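Asks: Residue strings, one per chain:
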Amino acid sequence: MMTERISRLKDFFFNRSHHYVRRTPESLGIDRLCEEYAAKGMPAAERAASMLETLLKEECPFIFEGELIVATRTITSVPSLFTEQEWKALKAEHYLHENGMLSNISPDYGSILKEGLEARKQSFASLAERSDGEEKIFASSVVRSLEALQHLIRKYASCAVQMKDDELAAVLHNVCTRGAGSFREALQLLRFVHYGLWESGCYHNTLGRFDQYIFPYYQSDIEQGHLTKDEAYELILSFFLSCNKDSDLYPGMQQGDNGQSLVLGGRDKSGKSLFNEVSQMCLEASYDLNLIDPKINLRVDSKTPLEVFKLGAKLTRRGLGFPQYDNDDVVIPGLMKLGYSEEDATDYVVAACWEFIIPGKAMDIVNIGALSLAGAVSESVDQLDRFESFDDYYAWLEEDIRRRCIALSKQFTNLYIAPAPLYSAFMDGTLERAKDITLGGKYNNFGIHGTGIATAVDSLAAIRKNIFEDKTMTVEEMREALDSGFEGHEATYRKLRFESPKMGRDDDYADSLATRLLDSFAKGLEGLKNERGGIFRAGTGTAMYYISHATGLKATPDGRKAGEVMPANYSPSMFIKHNGPVSVMKSFAKPSLENVINGGPLTIELDDTVFRNEENVEKLAMLIRSYIAMGGHQLQLNTLNKEKLLDAKVHPEDHRNLIVRVWGWSGYFVELDECYQDHVINRIKYSL
Amino acid sequence: MVIFADVTTCSMKQGLVFNIEEFAINDGPGIRKTVFLKGCPLRCVWCHNPEGLSGEPQIMHGHDGDEVCGRLVSSDELAELLIKDKDFFQMNGGGVTFTGGEPTRQADFLMEVLAILKGKVHTAIETSGFCAEDVFRKILELTDYVLFDIKAVDNDIHRKYTGVDNTLILRNFKTLSFSGKPFVARIPLIPGVNDSLEAMMAVRDLVEGAPGLERVEILRYHKTAGAKYHMVDREYDPPFDTDAVPEIHDVFKHCIIL
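Those sequence lines, one after another, are chains A and L.
So for the first sequence, my numbering puts the first residue at 2; every next one is plus one.
So for the second sequence, my numbering puts the first residue at 7; every next one is plus one.
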């Protein structure tokens, strides 16, 4: 249940009543610090520390009435560490991932909550003392960054004292130096660490296995009688609310794409379920709060009780586009196959969207690039007359995919990521290596999305059936139809679009090709090394490529017209005739998903009329459990009401609260660009 | 909608199916697949599946142009398709529900399919109960579960709004009731037609006490019932106030409102 306090605060933040505290870097005169840095020839790590010091010095503490977990951002953006010329030079010399700043990994929150900021700072201070050169610069930058964060906490503590909130003042005083001594302190320290990461310019800052690293504090406080369950619940609501206060300032492709994903449940190495009271409270808190952050991932497996799925299904009913379900039975062995240790694989969390990462340990860049599988099949049509049989053709295609993978892998060389001394403080091994986390971690793998999977599979099915098996279409005919965008080829168009086998109908003809194609994609990347010694991971996500890869793609053999959209992530083509969600799940669970475990969910849209009563929520829970039992790796369910979405396009002012899942994240519908709005509207499928 | 290959020669009975719906969660226990058999002897004025009325294939004007509604399928072909989901049904306490139209209208076909599925897949029929008594008894033996529609106990009302006499229906209901077979009594609740307290009490007197009765389900009338009439070139002009909200008299021991 929402408390009166939280309802009031939610309204306060949702109505942007706290925006009056915001100032731009320009208004503070700190927007061009990079020029000073450049003039001094300051090393990048020192710039990062200097910038964070300046920002956190300029930050004003604001404690809004009733807040239990504090820290609100007042500076609207993080100024650049480099001048435009410097960026240009960096770009000329290096491969920059996205905007060049660290993103989309997960810190080791558990250790920092236990150890505290002061102890961590001292460790790096002694490293700074005993080292020199680059290492000294790195260690000192970490120390300065941690000190800057402590400085901010001290300011908040003074503010609490002035407001005569003794309890809060004590919490802030403690977390400024020590590890968390209570549940509330753990959440408050977590808030500051997370806040610091955002303010240091890093982005897609995930929240990891929240229920696991927070649980010991909960358990201890409850056992000692320092905390009631209701109090704990209100604190979780407070922390969740804090993730929504400044989120409009976080960088992302679209508003809402901020990567604040939080993982619940899952198992340990022995297979024991780790779903606990905090996990349950989080699912309930997310339901009660009804806001887009944090984005919940629920780790499950074939042994997860139906009750857990029911809690998830109830949250699904909210229409927030989460929880996303991740299947331990597939993900853990899949990650181990890629070389992650059993212990690390078992501890996996989810990056901004769906990529599986190891908290504290991995410096993986899980979304470094994408291979258009639809594009590969589309271009292969020109080769078709060379082959007598489909198998001969497919063997060539597999080699071609390998060639494409090799070419793609070579694009990511001489990578540069701006140093992240604060983030480095919260990652394992940085102290021992005396190196910034951006220079590498225990794992340094790159993830490649395979886009247009269904389009590619359906195209292969159409080629196999019409050209090689039934021989009812010549290569020439297909090529002409595709080149002309089906203009004047109505019969061919209908045959390809409506009468050929499609993935998602529980039809082995198409589904077996999906198995082959995904294996070929995984094989294409197998054995390739990146410059950091890491490997390439194949995945089934699309990110925004479902729009960009479709835009330039001509008509495809599945009957898709030129420019027509492709499905997001791992989903059936948007124009096929569905039998229903059960067939879709059966089809999509057939491939060996362990081999393409970078991440990318099967996405199913449900009309919100599905949830007419509690009984139906339970049946939805059963459906989700079935997909997990069938061996699906990841599932995203969205509930939508088409009329509402259409109305929201026309009257955005009436639908400010309307939330939809876009690709790996949920956002406010009215804040999306039109192409994404339309895509969401067009993918509504199952109603009852 | 599953499209079947046209069946030309086959020793098995053939049936006319106009839809198969997956993840059916309001048609019996668990997660089910609902098979719609074409053709119905009743003409309920609130019917929301007008394409199920005629026992012949017909053209339906859909979003993607005209399509034939109703495909011939042999009983073994249909059974095979349904058995494919056996594990899924078992996992989710579900099975297959045959509805329509009126599924007993294609009794021979239905019985053949039910016979193949027996022991493999949990089956249910949703029926108006309007069929010959001996046929009803045979079907009852072959199926695991029944959703029995009760439109009106009053024969005048029944005749007026469904076009048929309910004597046979009430007899078949008695057969069901005596059989002990688990069943649900379903009431389509139509404003001004059968939503009076008196009408509900009559249904209560009829159904309560039957050993197999699991619960009563009240299905509230919704205006969208008329959505598909233009697709089959029919006019939707029900003789009751479609804007009225039906009165709900929950006089039953165990009832859910859908």
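Keep in mind the hints are simulated off the structure, nothing from the lab.
Bear in mind the structure is a predicted one, so any value in this text is a computation, not a measurement.
Hints may contain errors.
[As the list claims (entries may be wrong)] Just the calculated beta-carbon pair ranges, DEER-fashion:
1) L:Asp93 <-> A:Arg517: 21 to 31 Å
2) L:Leu264 <-> A:Asp648: 22 to 32 Å
3) L:Gly218 <-> A:Lys230: 56 to 66 Å
4) A:Lys304 <-> L:Leu212: 51 to 61 Å
5) A:Glu344 <-> L:Ser185: 31 to 41 Å
6) L:Ser185 <-> A:Gly226: 31 to 41 Å
7) L:Leu212 <-> A:Pro306: 35 to 45 Å
8) L:Asp93 <-> A:Arg495: 30 to 40 Å
9) A:Asp648 <-> L:Arg177: 48 to 58 Å
10) L:Glu241 <-> A:Glu389: 54 to 64 Å
11) A:Glu389 <-> L:Val141: 33 to 43 Å
12) A:Gln220 <-> L:Glu204: 57 to 67 Å
[What the hints assert, rightly or not] Pairs of lysine-lysine, BS3-like flavour, derived with a Cα cap of 30 Å:
13) A:Lys578 <-> L:Lys126
14) A:Lys578 <-> A:Lys643
15) L:Lys229 <-> A:Lys643
[Claimed, not checked] Per the computed footprint, the stretches of chain A lying under chain L, defined by three or more beta-carbons under 8 Å from a beta-carbon of chain L, are:
16) 51 to 62
17) 469 to 482
18) 528 to 539
Quick reminder that beta carbons are idealized off the backbone N, C-alpha and C, glycines included.
Asks: Now tell me, hint by hint, if it's right for this structure.
Replies: So, going through the hints one by one against the coordinates:
Evaluation of the 21 to 31 Å hint for L:Asp93 and A:Arg517 yields a pass: the beta carbon distance comes to about 24 Å. The supplied range of 22 to 32 Å is met by L:Leu264 and A:Asp648, whose beta-carbon atoms lie about 26 Å from each other. Our hint of 56 to 66 Å for L:Gly218 and A:Lys230 is violated, since their Cβ atoms are close to 43 Å apart. Between A:Lys304 and L:Leu212 the beta carbons are some 45 Å apart, a value that contradicts the proposed interval 51 to 61 Å.
One distance hint, 31 to 41 Å for the beta-carbon pair A:Glu344 and L:Ser185, is violated here, with the actual separation near 59 Å. About 59 Å separates the C-beta atoms of L:Ser185 and A:Gly226, a value inconsistent with the hinted range of 31 to 41 Å. Separated by about 40 Å at the C-beta atoms, L:Leu212 and A:Pro306 satisfy the suggested range of 35 to 45 Å. At about 35 Å, the beta-carbon gap between L:Asp93 and A:Arg495 stays in the expected band of 30 to 40 Å.
In this structure the hint that A:Asp648 and L:Arg177 lie 48 to 58 Å apart at CB holds, the actual value being about 50 Å. Remark: the range hint 54 to 64 Å for L:Glu241 to A:Glu389 is upheld by a beta-carbon distance near 58 Å. Between A:Glu389 and L:Val141 the beta carbon distance is about 56 Å. The supplied range of 33 to 43 Å is therefore violated. Between A:Gln220 and L:Glu204 the beta carbons are some 60 Å apart, a value that agrees with the proposed interval 57 to 67 Å.
Between the alpha carbons of A:Lys578 and L:Lys126 the distance comes to roughly 28 Å, so the proposed pair stays at or under 30 Å and holds. With a C-alpha separation of about 18 Å, the suggested pairing of A:Lys578 with A:Lys643 holds against the 30 Å cut-off. For the hint linking L:Lys229 to A:Lys643, the alpha-carbon distance of about 18 Å falls within 30 Å, and the restraint holds. Counting residues of the region 51 to 62 of chain A whose beta-carbon sits less than 8 Å from any beta-carbon of chain L gives 0, not enough to reach three: the coverage restraint is violated.
Requiring three or more residues with a Cβ within less than 8 Å of a Cβ of chain L, the coverage given for the region 469 to 482 of chain A is violated, as only 0 such residues are present. With 0 residues bearing a CB less than 8 Å from a CB of chain L, the region 528 to 539 of chain A misses the requirement of three and the coverage assertion fails.
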